[in-house]
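Quick mapping for you: the protein sequence lines, in order, are chains Z and C. Counted from 1, the first sequence has number 288 at position 40 by my numbering; the numbering is strictly sequential. Counted from 1, the second sequence has number 186 at position 76 by my numbering; the numbering is strictly sequential.
Because the hints were derived from the structure by calculation, they are not lab data. Among the clues, some could well be false.
[Claimed, not checked] In silico lysine-lysine, DSSO-like type, Cα no more than 30 Å apart, as pairs:
id, chain 1, residue 1, chain 2, residue 2
1, Z, Lys389, C, Lys339
2, Z, Lys445, Z, Lys491
3, C, Lys455, Z, Lys398
4, Z, Lys389, C, Lys455
5, Z, Lys321, Z, Lys372
[As the list claims (entries may be wrong)] Some, not all, of what chain Z presents toward chain C, calculated at C-beta under 7 Å:
id, residue
6, Ser358
7, Glu363
8, Pro368
Being a predicted model, the structure only gives us computed values, none of them experimental. In this text, a Cβ means the ideal position worked out from N, Cα and C, and glycines have one as well.
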Amino acid sequence: MASAALATAPAAATARGAAPLLAVRNLEAWYGESHVLHGMSFDVAPGEVVTLLGRNGAGKTTTLRSLIGIIGKRRGSVTFEGRETITMPSRSIARLGLGYVPEERGIFASLSVFENLTLPPQIKPGGFTIEQIYELFPNLKERAGSQGTKLSGGEQQMLAIGRILRTGAKLLLLDEPTEGLAPVIVQQIGRTIQRLKQDGFTIVLVEQNFRFAQTVADRHYVVEQGRVIDMIPNPELEANIEKLHGYLGV
Amino acid sequence: MFTIFGIPSAALFGQLLLGLINGSFYAMLSLGLAVIFGLLNIINFAHGAQYMMGAFVAWMLLNYAGIGYWWALLLAPILVGLFGILLDRNFIKPMNDNNTKRSFVMVITSVLAMVVITYLGVNPSLGFAISVGIGVVAATLWDRFGPTFVALGDQHVDHLYGLLLTFGMALIIQGVFRNQYGVSGLPYGIPPQLSGGQNLGFMFLPNYRGWVVAASMFVCLVTWFVIEKTKLGAYLRAATENPTLVQAFGVNVPLLITLTYGFGVGLAALAGVLAAPIYSVNPNMGADLIIVVFAVVVIGGMGSILGSVITGFALGLVEGLTKVFYPEASATVIFVVMVLVLLVKPAGLFGRAQ
Numbered sequence: 249m250a251s252a253a254l255a256t257a258p259a260a261a262t263a264r265g266a267a268p269l270l271a272v273r274n275l276e277a278w279y280g281e282s283h284v285l286h287g288m289s290f291d292v293a294p295g296e297v298v299t300l301l302g303r304n305g306a307g308k309t310t311t312l313r314s315l316i317g318i319i320g321k322r323r324g325s326v327t328f329e330g331r332e333t334i335t336m337p338s339r340s341i342a343r344l345g346l347g348y349v350p351e352e353r354g355i356f357a358s359l360s361v362f363e364n365l366t367l368p369p370q371i372k373p374g375g376f377t378i379e380q381i382y383e384l385f386p387n388l389k390e391r392a393g394s395q396g397t398k399l400s401g402g403e404q405q406m407l408a409i410g411r412i413l414r415t416g417a418k419l420l421l422l423d424e425p426t427e428g429l430a431p432v433i434v435q436q437i438g439r440t441i442q443r444l445k446q447d448g449f450t451i452v453l454v455e456q457n458f459r460f461a462q463t464v465a466d467r468h469y470v471v472e473q474g475r476v477i478d479m480i481p482n483p484e485l486e487a488n489i490e491k492l493h494g495y496l497g498v
Numbered sequence: 111m112f113t114i115f116g117i118p119s120a121a122l123f124g125q126l127l128l129g130l131i132n133g134s135f136y137a138m139l140s141l142g143l144a145v146i147f148g149l150l151n152i153i154n155f156a157h158g159a160q161y162m163m164g165a166f167v168a169w170m171l172l173n174y175a176g177i178g179y180w181w182a183l184l185l186a187p188i189l190v191g192l193f194g195i196l197l198d199r200n201f202i203k204p205m206n207d208n209n210t211k212r213s214f215v216m217v218i219t220s221v222l223a224m225v226v227i228t229y230l231g232v233n234p235s236l237g238f239a240i241s242v243g244i245g246v247v248a249a250t251l252w253d254r255f256g257p258t259f260v261a262l263g264d265q266h267v268d269h270l271y272g273l274l275l276t277f278g279m280a281l282i283i284q285g286v287f288r289n290q291y292g293v294s295g296l297p298y299g300i301p302p303q304l305s306g307g308q309n310l311g312f313m314f315l316p317n318y319r320g321w322v323v324a325a326s327m328f329v330c331l332v333t334w335f336v337i338e339k340t341k342l343g344a345y346l347r348a349a350t351e352n353p354t355l356v357q358a359f360g361v362n363v364p365l366l367i368t369l370t371y372g373f374g375v376g377l378a379a380l381a382g383v384l385a386a387p388i389y390s391v392n393p394n395m396g397a398d399l400i401i402v403v404f405a406v407v408v409i410g411g412m413g414s415i416l417g418s419v420i421t422g423f424a425l426g427l428v429e430g431l432t433k434v435f436y437p438e439a440s441a442t443v444i445f446v447v448m449v450l451v452l453l454v455k456p457a458g459l460f461g462r463a464q
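Working from the sequences, and respecting the hints, build out all of it.
See below:
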């Protein structure tokens, strides 16, 4: 079967001696009665930036929601630093060191920018300080007293990323951080992701825009109908551009 | 003695003070309701019964254990708050999680225990308490060793279910107390430190009433401060908006919700202790008050903290003034205001439109 052959592909890709930080095997997930993920398998090595590419409705966002445990029903295996998380409630998964930035950004309207920034509890030592976050996103400092949702879309995205940097999480799950943002802001987000990679963060990035993904990622997983159907290392992306166009239907 | 609009000043200020006292209770009770509604999305119809329980626990502490007013002020809210936590864990949370098996275990075990205890001829109220205790133990064991259940926490069921559930709870609680203590009311004395009063020149202020107003304002202010200005309050506000995401940051939201329910119930019980020396301790004292308090909550705006406090005090004063100028309308004036507010601002004076 094709899925069996693919399940071994990620292991080969990360076979550089490092054990994967995150290993996903035959992950299935449901929204109520509707079966969305049909056996996702992929690996993420420590320090890597990996994207999940795919069309709308392929299951990319659902995959991130399953990793952090905020979906009704999951099955299969998700291990983080070797620990099985599939039966854990999301608060325990987060405490292992995962930081989640949802697609809708999840800025709280009843909290100020500063309160939003300091809301997620510190779960591990070694997170950014408030000053470092302000250095990365100076806009947040200027608007610290404003209501969270009064910020522009780009500033809200910076806030959503900034607040999980404080927690000490080592694996960041970013769901379409560039969606609907102006090109200059997209560039700033791109530089931020590169900077975070240099700082040793591991990042799983969901993207529709593979031109943006190309600028930040090490590897790309192509997702279709709730499965990983291909893996393309970033240096080989240009060579596989026709195939990728076919997958994404662009 | 002077007159204002033809009304003797003592009568006017006397009624205003009464209004302020009633307003104190409206404010504290509607504050608890607002806190509970915000985080649990539950219209806590048992709030009146829990207020009554506060007064009764104070009375019981005094008559069975010799513990006086000041300790009751601390102990009654804690005890009734713990009772609220049991209520949440066994009924409200399973209902919100769509995991009602635990409640079934609790109810069926309690009923079976009640049948046995009745057969043994134990006092019905004591038997009821014992069988509920057995039910709680059975439900906890079932929860611990039964099939595991992972709840999402963001799928709110219709408000109507919570309302019916807590309404039923209120009827049961009131029934138990009525069965044991009757409806004639029990006396609870004013603590000696607060007896007597002050002559303010234009009116006479009983010390205890002044204390009730001050204590209520203080409690409301502290609650407002904690919710709006502290880190804990930030968690509460965030969990009100998006519990799933707060949970995904590593916060134990179910625990936060349970403790918040306990706090809201404790607030009702505190109001009950404050009320015990003013109104007689009576199983129906909460049922009479809660209808007005719901009107206050609707006027202030469901879930608004500040709105419930301000509206509580303001409507107490409006009621007091009506008693002076048009006594016939004093029982209905709050409902007239409610109708007017709903016509003009359906979300309430301080509520955010959905």
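Hint by hint, here is what the structure shows:
1. Proposed proximity of Lys389 (chain Z) and Lys339 (chain C) is supported: the alpha carbons are some 19 Å apart, at most 30 Å.
2. At most 30 Å may separate the alpha-carbon atoms for a hinted pair to count; Lys445 (chain Z) and Lys491 (chain Z) meet this at roughly 28 Å.
3. For the hint pairing Lys455 (chain C) with Lys398 (chain Z), the CA-to-CA distance comes to about 24 Å; that is within 30 Å, so the pair holds.
4. Simply put, Lys389 (chain Z) and Lys455 (chain C) have alpha-carbon atoms about 37 Å apart, too far for the 30 Å limit, and the pair is violated.
5. This hinted pair checks out: Lys321 (chain Z) and Lys372 (chain Z) have alpha carbons roughly 28 Å apart, not beyond 30 Å.
6. A hinted interface residue such as Ser358 (chain Z) counts as satisfied when its beta carbon comes closer than 7 Å to some beta carbon of chain C; here the least separation is about 4 Å, so the hint holds.
7. Checking Glu363 (chain Z) against chain C: minimum C-beta separation of about 5 Å stays under 7 Å; hint holds.
8. The beta carbon of Pro368 (chain Z) is positioned within 7 Å of a beta carbon in chain C (closest approach about 4 Å), and the interface hint is therefore held.
In the structure shown, a violation is registered for the earlier hint numbered 4 alone.
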